[in-house]
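Protein chains: 2
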Amino acid sequence: MAPSELTPSAAPPVARLIEAFHRLPGIGPKSAQRLTYHLIRMPQEEAEELASAILSVKERVVLCDTCANLAESAECTICGDLQRDQTQICIVEEPLDVVAIERARVYSGLYHVLHGVISPVNGIGPNDLKLRELLERLRDGTVKEVIVATNPNLEGEATAMYIQQLISPLGVAITRLARGLPSGSDIEYADDSTLAHALESRTEIAGRQDAGTE
Amino acid sequence: MAPSELTPSAAPPVARLIEAFHRLPGIGPKSAQRLTYHLIRMPQEEAEELASAILSVKERVVLCDTCANLAESAECTICGDLQRDQTQICIVEEPLDVVAIERARVYSGLYHVLHGVISPVNGIGPNDLKLRELLERLRDGTVKEVIVATNPNLEGEATAMYIQQLISPLGVAITRLARGLPSGSDIEYADDSTLAHALESRTEIAGRQDAGTE
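Residue numbers (the working numbering), protein chains in the order written: chain A, 1 to 214; chain U, 1 to 214.
Mixed in with the good hints there might be a few duds.
Think about it this way: if two alpha-carbon atoms lie no more than 20 Å apart in a straight line, the pair counts; the simulated SDA-like pairs of lysine to any residue are [as the list claims (entries may be wrong)]:
#1 A:30 to U:24
#2 A:30 to U:100
#3 A:58 to U:103
#4 A:30 to U:103
#5 A:58 to A:41
#6 U:30 to A:105
#7 U:58 to A:12
#8 A:30 to U:115
#9 A:58 to U:42
#10 U:130 to A:47
#11 U:58 to A:65
#12 U:30 to A:24
Simulated coverage check for chain U against chain A, where a stretch passes if three residues somewhere in it have a Cβ under 8 Å from a Cβ of chain A [said to hold, decoys possible]:
#13 43 to 53
#14 85 to 97
#15 183 to 192
With the C-beta cut set under 10 Å, the calculated list includes, among others, these residues of chain U facing chain A [claimed, not checked]:
#16 19
#17 30
#18 34
#19 35
#20 38
#21 39
#22 72
#23 74
#24 127
#25 131
#26 198
#27 199
Please keep in mind that the hints were generated in silico from the structure rather than gathered at the bench.
Bear in mind the structure is a predicted one, so any value in this text is a computation, not a measurement.
Heads up, the beta-carbon is just placed ideally off N, CA and C, and yes, glycines get one too.
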């Protein structure tokens, strides 16, 4: 259903905002309407703040020259932090993954954001990802370990495999995030693949094996 | 979880936009992040269009002096359309309800938007709704029927009852939208209240009773 069908009686500025919201991911025609009517009733300053935040993000946010994470200058805050472990690079698909891993507070190395995964279906090949930049970073031998943190799904696995083949000649250690049951989950509802990984990678309780990054 | 917790490494303009999105209804911290990162990758013109649509809606959209529906001038397009039946007023809670009823294409009368329902829990009383304006419209005797189309839930019903008591001295016909099974639904999954209404208001198949607005 096109948003215009939903707004036969709506004034043009209303229809225009509904359509602009509807173009965003995960916002259907109904949510777009709801957001628009909310905005109409919102205090003027709040609406102005939203509009100006949108423009400011487009003006000021760029990609870090080194790791392709979001940044406000040529270097992001993580690459600019010399306290961080310069011998580890964690490869992720999207900037949101950096945020998620930082939130876990167990990793203090650097990142490299691919901005996608290899996906022949969507016409995305290795050249569309930030892989040249990754190889450049590995060239001087400072980095000792590359943690491949692409998503544990088909495309993420294929990308991880490709990266492994690409950088294994460089002699750097290549690791992948552990697969298993997520914290707080329920075995009853775990899918086959997760359970298979959890069983295959089971750890001894007494004399616990730990190959983590801690 | 506050959005700031989600963005320890995000650049300030990013955090600012995530927070602005998060303030909108139905957008949680995760969706706010996703929208923000989408906006960063969006073409400049699309982002500018969204920002300008937001500002334009605040600048140009007002409430109709007569029916309180959304309008671009003192009179909305529906009140300004003299082809419409001036003897019927359909009372709805929100402007979105006008859009929904217009979409059904069976009603050609006027509307009156209450902008809420009576809700003691949320501190909303009759004086917070556009009821004075409704009484004003009924005074000259042009309107013969008032269709109370508040939502079929507790607050909507209470508001409908209040309106009925308020305007019954004026001698205008007061109707309420029919209750029953929604089109395309499944009796197996219908709730008790819906089924009770559907049974109580059952209609004869041969010699169909019809008190509708057609």
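Status of each hint after checking the structure:
no. : hint          : in the structure
1   : A:30 to U:24  : 14 Å, holds
2   : A:30 to U:100 : 11 Å, holds
3   : A:58 to U:103 : 37 Å, violated
4   : A:30 to U:103 : 13 Å, holds
5   : A:58 to A:41  : 26 Å, violated
6   : U:30 to A:105 : 19 Å, holds
7   : U:58 to A:12  : 13 Å, holds
8   : A:30 to U:115 : 18 Å, holds
9   : A:58 to U:42  : 9 Å, holds
10  : U:130 to A:47 : 24 Å, violated
11  : U:58 to A:65  : 39 Å, violated
12  : U:30 to A:24  : 14 Å, holds
13  : 43 to 53      : holds (count 9)
14  : 85 to 97      : holds (count 3)
15  : 183 to 192    : violated (count 0)
16  : 19            : 8 Å, holds
17  : 30            : 9 Å, holds
18  : 34            : 7 Å, holds
19  : 35            : 6 Å, holds
20  : 38            : 5 Å, holds
21  : 39            : 6 Å, holds
22  : 72            : 5 Å, holds
23  : 74            : 13 Å, violated
24  : 127           : 18 Å, violated
25  : 131           : 18 Å, violated
26  : 198           : 25 Å, violated
27  : 199           : 30 Å, violated
In the structure shown, a violation is registered for the earlier hints numbered 3, 5, 10, 11, 15, 23, 24, 25, 26, 27, in ascending order.
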